[in-house]
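Visitor: The primary structure of each chain is shown beneath.
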Amino acid sequence: MAATKVVVDPITRIEGHLRIEVQAENGKITNSWASATQFRGIELVMVGRDPRDAWAFTQRICGVCTVVHAVASCRAVEDALGITIPPNAELIRNLIHGMQYVQDHVIHFYHLHALDWVDVVSALKADPEGTAKIARTISPWPNNSATYFAEVQNRVKKFVGSGQLGIFTNGYWGHPAYKLPPEVNLLAVAHYLEALDWQRDVIRLHTVFGGKNPHPNFLVGGMASAINLDSTATINAERLTDIADMIKRARRFVEQVYWPDLVAIAGFYKDWAAIGGGAKNYLACGEFPEAGVKDYDKLYFPRGLVLDRDLTKVHPYDHMQVTENITSSWYEYSGGEGAALHPWKGESQPRYTGPKPPWTYLQGEPKYTWMKAPRYDGRVTEVGPLARMLVAYASGHPDVKAIVGDTLGKLGVGPAALFSTLGRTAARGMETVLLARKLQDWYDALVMRIKSGDTQTFTKDKWSPDKWPAKAQGYGYLDAPRGALGHWVQIENGKISRYQCVVPSTWNCSPRDDKGQMGPYEASLVDNHPLVNPEQPLEILRTIHSFDPCLACGVHVLDAQGNLLTEVKVQ
Amino acid sequence: MLPTSHPWIEGETLGEHLESRGVTRRDFLVFCGQISAVLGLSEIAVPGVANALQAVKRPSVIWLQLQECTGCVESVLRTAEPTIGDLVLDLVSLDYSHTLMAGAGHAVEAALKDAVKTNYGKYVLVVTGSIPTKEGGIYTMLGGRTAEDVLVDVSKGAAAILAVGACAHWGSVQAARPNPTGAVGVRDIIKDKPVVNIAGCPPIGDVVTATVVHFLTFGRLPDVDSEGRPLFAYGKRIHDQCSRRAHFDAGQYVEVFDDEAARKGWCLYHVGCKGPATFSPCPIFQWNTRTSWPIGAGHPCIGCTEPHFWDTMSPFYDRLPDVGGFGVEQRVDLLGAALALGATAGVAAHAIATGVHQMREKKRSLPVVDQPPGGGPESGAKGA
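For the protein sequence lines, the chains are L and G, in the order given. So in our numbering, spot 442 of the first sequence is number 442, and the numbers just go up one at a time. Throughout, our numbering is defined as the position within the second sequence, counted from one, plus 1000.
None of these hints come from the bench; they were simulated from the model. Check the hints yourself; a few may be wrong.
Pairs of lysine-lysine, DSS-like flavour, derived with a Cα cap of 30 Å [unchecked claim]:
(1) G:K1264 - L:K356
(2) L:K495 - G:K1134
(3) G:K1113 - L:K5
(4) L:K462 - L:K280
(5) L:K158 - G:K1264
(6) G:K1134 - L:K157
(7) G:K1264 - L:K5
(8) L:K133 - L:K294
(9) L:K460 - G:K1264
(10) G:K1264 - L:K462
(11) L:K356 - G:K1193
(12) L:K451 - L:K133
(13) L:K467 - G:K1193
(14) G:K1264 - L:K451
Work out the full structure, taking the sequences as your base and the hints as a guide.
Guide: Below, the structure written as structure tokens:
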């Protein structure tokens, strides 16, 4: 039987524009191509700007991970200018970024990923009493009565009965890969709806400190939200109480709804613990500084690499080992197709060589994406929740060891199950549980500092450009919800002369490199991967969504003039 | 735009729908009062709004995401007014959305075609994201077609177009100097349809909601300014509605972040606030269920509801009118000298800003849509 060519474009329930093409034979995927189909060019826009403005521009790379580029940018500029932010500002940034993780991961699970596993139509057949029984077994969450679930079910019945299915139109309902009993489907549908209300509430933490969400405001040198317990216009006891309550509600939802749901649903899909592993190397750049960004030993999530899936060893992370390759990408390098360049020496000459639109197939094209191919020491490397949990687990991180051990025990599987589609989704839940707890620690620490009389949120001494050196450069790392992120900035005479980002989805959505090695999305789709019905590519969505793609983040580089950017030495 | 927890069956009016959900007439009128206030209507209008909302059927909304960051979708997901807010979104049937649809690939492209065909001439088209025009449009491709191709096609059958966010409005960050991909806004491509610009990076989700309600209630889009922004939201400058305005008038300024003035909540004009040059609903609507807003949280406004703000309002921490494109360049020297004199000079600068913007604020009404949604002629499959 000849291989079937399959195109899935657009991939929905992600950020940005992604096209997946595969070849399938006898129910298995035999080859795959991941194409990023949007390109914006934000790094070039940065040149000539005030470096204190950079956070706002780069923040707009993504409105879903709306915090991560802003903070990475502030760190890069602060590194370049030798600014140390006050401990209060570090705690506030941790609270904001921590809440971003928690909110973003929950939204991902229910609104972007769940419909890959949950059959909405099947929920109509559920016995609400049975759903209530299951709900009570797994969680003390108050909304667990048969009446409540019957009400949700009636709403869904009416919706389906209306014939106006809206976002559920042409879903893959009834696909044989859906395995949940109707009662569990109903449970998940109810929580899909509850999570919509919940996310809107807890994210207000960003609004208190940053004035709005999406795209809250940040500040090079600290945070702009002043603390004064005796003013109506600042962070005061009323605002802090609001935050404390949000943190409690965030944690309660994660512990009583998200995590129990995830574990319950995973129990029905254990076969997906042997599917979709792909890349064998995992990178974490570390996150949540608790004693300044330079103290790598005091990051809550440690940095490092797990290579060849060997969990007995953690390799040190050295950003000089990062290179980008463009063999399969719509760019050209002055040093030739096969060159592998470190970001400090990066070139970004676009050269579209794809077919004239509209496209039929991109497979078979030598170049097929706007995504470059980052590699670590030449290796294909996955970043994100799974990489963070693996690196922390292999590092002996006590919180991570406990939750990984507990989860594997509940599901009755060994650590090898982590290297999979299901492992990726489970790891995201694990770190959400840990961070929902951690938010309370950071909040308590902030309150203690204020109590002791420290209300400083901003370092003033190097704010003014006349205090800056004529030339400076800095590196800002940040392990974002979707994985390791780096911003590199160079400043000359008070203006940005060069700006470069290497982003989580660039790692994961990277195409084939000069050695023909597939990127992590592509590799995962050919790793023991089923595709029962090419007309209904549900299985592809499962694995691709397990990475939580963020395409606008992944593609952002453009030097329209095609200039070879200045080579510089790393500090 | 949210998938609703309170589904609405075909043929049911909002009034019936509410009743079936146990929402009392009183709750509903309270809601209509809120939405009327948002729209700047007097209390007398409330029964009219209520009657209009109760009578309409659930119209189709098609949401296209072009060259963008998804922040505008996220903003609408945060829309305020608990429970009853869901309802506002439930006024529509969201028939196409990249971010939320269950299916993918061919399945959702078919859903889009069906929605266009079934609701031809009647659906509301929401667009987020800009349109890259260089290199034949290959910088944003959807289902193998260029963003421009898809937009032109889907806009043909739209009753009205909401260009949501700075990207759809004028191109935003990717259109900032030097605009590498030639990004433009919806009005630069679609010239033969009413387009309302819900400005901001992102806009407040509630403004999107209120605009949809306006359209459903009155059968036409709201009146707009010369930028195509609804007057009910963008009719006034931040500066004229700012909770810190008294400190501006009193000459009480934050000079550097976290100084004593910052800790007293004084005016942010000297650390770069663009409120005097920015027309925006932020101070009134506020953000995220009215939790706060940028100036309220101590950061100067960056002017994100104004066209080309990335170039004209930056450097963001430089004081107006020193920033590059403020539109009074010829007067910068004069003003710079005057500013040295102190607070009164600030008032002078702001008076000039007012003048400039008054000139720009020439009201421009959009064509009235003849047919109210749901009541249009049967257009069948033409052009779908």
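Visitor: Against each hint, give a clear statement of whether it holds in the structure.
Guide: Consistency of the hints with the structure:
1. As the CA atoms of K1264 of chain G and K356 of chain L are separated by approximately 59 Å, the hinted pair breaks the 30 Å bound.
2. Of the pairs offered as hints, the one joining K495 of chain L and K1134 of chain G holds, with about 28 Å between alpha carbons and a cut-off of 30 Å not exceeded.
3. Under the criterion of a C-alpha separation no larger than 30 Å, the hint pairing K1113 of chain G with K5 of chain L is consistent with the structure, at around 23 Å.
4. Distance restraint check for K462 of chain L and K280 of chain L: the Cα-Cα separation of roughly 44 Å exceeds the 30 Å cut-off, and the hinted pair is therefore not satisfied.
5. Only pairs whose Cα atoms come within 30 Å are accepted, and K158 of chain L paired with K1264 of chain G is rejected, the gap being roughly 53 Å.
6. With a C-alpha separation of about 47 Å, the suggested pair K1134 of chain G and K157 of chain L falls outside the 30 Å cut-off, and the hint is violated.
7. Note on K1264 of chain G and K5 of chain L: the hinted pairing is violated, with a Cα-Cα distance of about 65 Å set against a maximum of 30 Å.
8. For the hint linking K133 of chain L to K294 of chain L, the alpha-carbon distance of about 50 Å lies beyond 30 Å, and the restraint is violated.
9. The straight-line distance between the Cα atoms of K460 of chain L and K1264 of chain G is roughly 17 Å, inside the 30 Å bound, and the hint therefore holds.
10. Restraint check for K1264 of chain G and K462 of chain L: satisfied, since their Cα atoms lie roughly 23 Å apart, inside the 30 Å limit.
11. Using a Cα cut-off of 30 Å, the hinted pair K356 of chain L and K1193 of chain G holds, with the two alpha carbons roughly 29 Å apart.
12. Our distance criterion of 30 Å between C-alpha atoms is broken by K451 of chain L and K133 of chain L, whose separation comes to about 46 Å.
13. A threshold of 30 Å between alpha carbons decides the hint, and for K467 of chain L with K1193 of chain G the separation of about 52 Å lies outside it, so the pair is violated.
14. Among the hinted pairs, K1264 of chain G with K451 of chain L is consistent with the structure: their alpha-carbon atoms are about 19 Å apart, no more than 30 Å.
Checked against the numbered hints given earlier, this structure breaks hints 1, 4, 5, 6, 7, 8, 12 and 13; the rest are met.
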